[in-house]
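S.K.: Sequence:
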Amino acid sequence: MRAEPVAFGVVTSSPTAPSPSGSASDPADARRFRFAPSPTGFFHVGGARTALFNWALARQSAGTLVLRIEDTDEARNRPEWIDGIIDALTWIGISSDDPHFEGPHFQSANAGAHLGAAQRLYESGAAYYCDLSPDEVQARAKELGITGYDGYSRDRGLEPAPGRVLRFRVPDGETVVDDAVRGEVRFDNSTIEDFVLLRGNGTPVFLLANVVDDAEMGITDVVRAEEHLPNTPKQQMLWEALGLSTPRWGHVPVLVNEQRKKLSKRRDQVALESYRDDGILADAMVNYLMTLGWTPPGAEEAGSEIMGWPEMEAAFRLEDVNTSPAFFDVKKLVAFNKAYIREMPADEYLARASAELPADWDRERFAQIAPHLQERLERFSDVPESVDFLFLPDGVDPAIDEASWRKATSPEWAGPLLGQLRETYADLADGAWTADDLKSTMERVMSSYEEKPGKELKLGKAQAFCRVAVTGRSVGPPLFESLEVLGREATLSRIDRALTLLDHSERQD
RNA sequence: GCCCCCAUCGUCUAGUGGCCUAGGACACCACCCUUUCAAGGUGGCGGCACGGGUUCGAAUCCCGUUGGGGGUGCCA
5 MRAEPVAFGV VTSSPTAPSP SGSASDPADA RRFRFAPSPT GFFHVGGART
55 ALFNWALARQ SAGTLVLRIE DTDEARNRPE WIDGIIDALT WIGISSDDPH
105 FEGPHFQSAN AGAHLGAAQR LYESGAAYYC DLSPDEVQAR AKELGITGYD
155 GYSRDRGLEP APGRVLRFRV PDGETVVDDA VRGEVRFDNS TIEDFVLLRG
205 NGTPVFLLAN VVDDAEMGIT DVVRAEEHLP NTPKQQMLWE ALGLSTPRWG
255 HVPVLVNEQR KKLSKRRDQV ALESYRDDGI LADAMVNYLM TLGWTPPGAE
305 EAGSEIMGWP EMEAAFRLED VNTSPAFFDV KKLVAFNKAY IREMPADEYL
355 ARASAELPAD WDRERFAQIA PHLQERLERF SDVPESVDFL FLPDGVDPAI
405 DEASWRKATS PEWAGPLLGQ LRETYADLAD GAWTADDLKS TMERVMSSYE
455 EKPGKELKLG KAQAFCRVAV TGRSVGPPLF ESLEVLGREA TLSRIDRALT
505 LLDHSERQD
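Residue 224 in the working numbering sits at position 220 of the first sequence, and the numbers go up by one each step.
Honestly, the hints are just simulated from the structure, not real lab data. Hints may be right or wrong, so weigh each one.
So the derived label-pair ranges between C-beta atoms look like this [claimed, not checked]:
1) Arg190 - Arg160: 28 to 36 Å
2) Pro397 - Phe210: 51 to 59 Å
3) Arg270 - Pro301: 21 to 29 Å
4) Asp102 - Gly167: 42 to 50 Å
5) Gln123 - Arg356: 49 to 57 Å
6) Ala303 - Glu368: 38 to 46 Å
7) Ala436 - Asp398: 19 to 27 Å
With a cut-off of at most 16 Å between alpha-carbon atoms, the simulated EDC-like pairs for lysine to aspartate or glutamate come out as follows [stated by the list, open to error]:
8) Lys335 - Glu406
9) Lys335 - Glu309
10) Lys342 - Asp282
11) Lys411 - Glu455
Heads up, the beta-carbon is just placed ideally off N, CA and C, and yes, glycines get one too.
Could you put together the complete structure from these sequences and hints?
M.R.: Listed below in structure tokens is the structure:
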């Protein structure tokens with residue numbers, strides 16, 4: 005049946021369904037999955053989820069995930085894109101070095117087999133040639149009041165010739181697709197036109213190439229996105245016409261945007277690489293992607309969906325995948341990412357965070373403040389802006405956020421308190437410029453103020469103006485730790501600037 | 001148009017006829033804690049699209065309607 009025996013991978017089984025008996029370690033149970041992206045300039049997050057599902061299933065059965073590049077459309081694909089696909093897969097933990105991984109294989113390299121299969125189909129009468137051009141097909145359809153191709157050349161006995169397409173003779177009856185995710189899906193064959201197998205220039209189309217490759221590679225399970233479901237009866241008929249038993253199908257729901265439309269390159273952030281560049285952790289992305297359409301068992305009892313890959317890999321079942329489209333929610337992704345950042349070992353976190361810094365920023369200085377950033381960080385790309393006030397050139401003051409300034413300076417005591425704090429800080433011994441001392445000094449100073457008559461002033465309010473004066477903002481890392489890192493000189497000069505500014509604005513009022 | 005799929009809080013989901021007064025997570029709100037923010041704690045808001053069946057009993061099964069999505073290429 006196959007042009008060449010299967011000679012790659014750890015599996016020696018035929019493309020027919022494996023025996024249902026045997027233990028998990030029995031090679032007969034090892035199943036072969038495939039991931040077949042079309043080469044584009046980026047790696048789609050939806051594709052990443054599909055790949056992950058396949059990966060979990062392949063490893064569960066001690067089987068294989070085959071990467072196949074669908075590059076038959078020569079007009080649009082570039083060799084360098086392949087590296088991007090491999091990199092992206094590696095990033096989400098699907099490493100090409102893993103024994104369960106195989107590939108990449110190139111569909112274009114198998115053109116001979118595609119043609120051979122087409123020839124067999126033609127010889128057996130399962131396919132026939134047709135000389136109608138696309139325009140002619142359309143004109144006929146219009147004339148007949150139907151859509152698509154009407155089978156015009158079915159019995160004309162045309163020989164192969166340039167410009168003629170090979171079409172599949174769709175048999176009467178019904179095609180039932182047995183899908184692991186959604187059960188039986190029935191298609192009336194009369195609604196399926198005699199589709200093209202070979203183009204007028206003799207090249208095979210995706211439908212044929214896909215089936216031939218899957219068969220040759222011994223693929224036992226085809227798990228892909230729902231958009232392929234309408235193709236499936238056609239492919240199933242092809243498997244059958246070729247005398248092969250069909251693989252186990254599984255169509256997982258598509259990922260959609262807030263408009264409930266399939267994620268599109270134009271409108272949505274769909275490139276996996278872009279999330280990586282934004283400082284989303286691979287583990288967080290993997291975890292989040294897996295929860296789209298599937299809930300790890302035990303998540304409810306644990307009160308958390310945060311779960312490591314090994315656990316998810318072991319628990320994943322296609323039968324449990326939801327059937328409706330899932331919205332790719334960046335907010336939830338970021339929440340997962342935050343949780344993962346928080347859990348990182350300190351040294352690993354520091355290395356990753358430091359990588360985000362501009363080249364001329366002092367790494368040692370950053371290391372002092374970094375621990376205070378860890379549990380606040382949403383994504384690593386936010387690192388520089390969170391601590392930029394510590395890395396300004398000498399004499400340059402941070403830009404002051406208007407709203408923060410207004411709020412911090414509104415109490416009458418704000419100016420006087422900061423003025424007194426400035427003098428006290430100036431007198432602090434060199435060895436006392438530490439977060440603890442800076443804090444207790446503040447507490448001493450503020451004790452002679454009241455928030456309102458009769459109402460005690462709390463540290464949270466008292467520190468507000470100082471924070472804005474020194475960092476320019478009302479939010480950020482803990483204040484006294486920041487001051488310690490900043491140093492006395494810069495702290496005092498920034499406070500002086502703020503006091504001057506306040507003086508000016510008050511005189512204008 | 002035709003074919004196919006889908007329908008539980010804003011979002012992701014649990015739920016496979018009685019355990020459902022529908023559970024969890026993210027988001028949001030409030031309070032507590034607190035050195036701002038974050039984290040943590042407590043609480044709150046919020047959903048079975050609609051209409052018919054079947055059944056003693058329906059979020060769960062069936063039919064229909066409505067709504068959404070996918071496909072309908074000599075793209076993949």
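S.K.: All hints are to be evaluated individually against the structure, with a verdict given for each.
M.R.: Do the hints match the structure? See the list:
no.	hint	result
1	Arg190 - Arg160: 28 to 36 Å	holds (31 Å)
2	Pro397 - Phe210: 51 to 59 Å	holds (57 Å)
3	Arg270 - Pro301: 21 to 29 Å	violated (37 Å)
4	Asp102 - Gly167: 42 to 50 Å	holds (46 Å)
5	Gln123 - Arg356: 49 to 57 Å	holds (55 Å)
6	Ala303 - Glu368: 38 to 46 Å	holds (41 Å)
7	Ala436 - Asp398: 19 to 27 Å	holds (23 Å)
8	Lys335 - Glu406	violated (27 Å)
9	Lys335 - Glu309	holds (15 Å)
10	Lys342 - Asp282	holds (13 Å)
11	Lys411 - Glu455	holds (14 Å)
Checked against the numbered hints above, the structure violates hints 3, 8; every other hint is satisfied.
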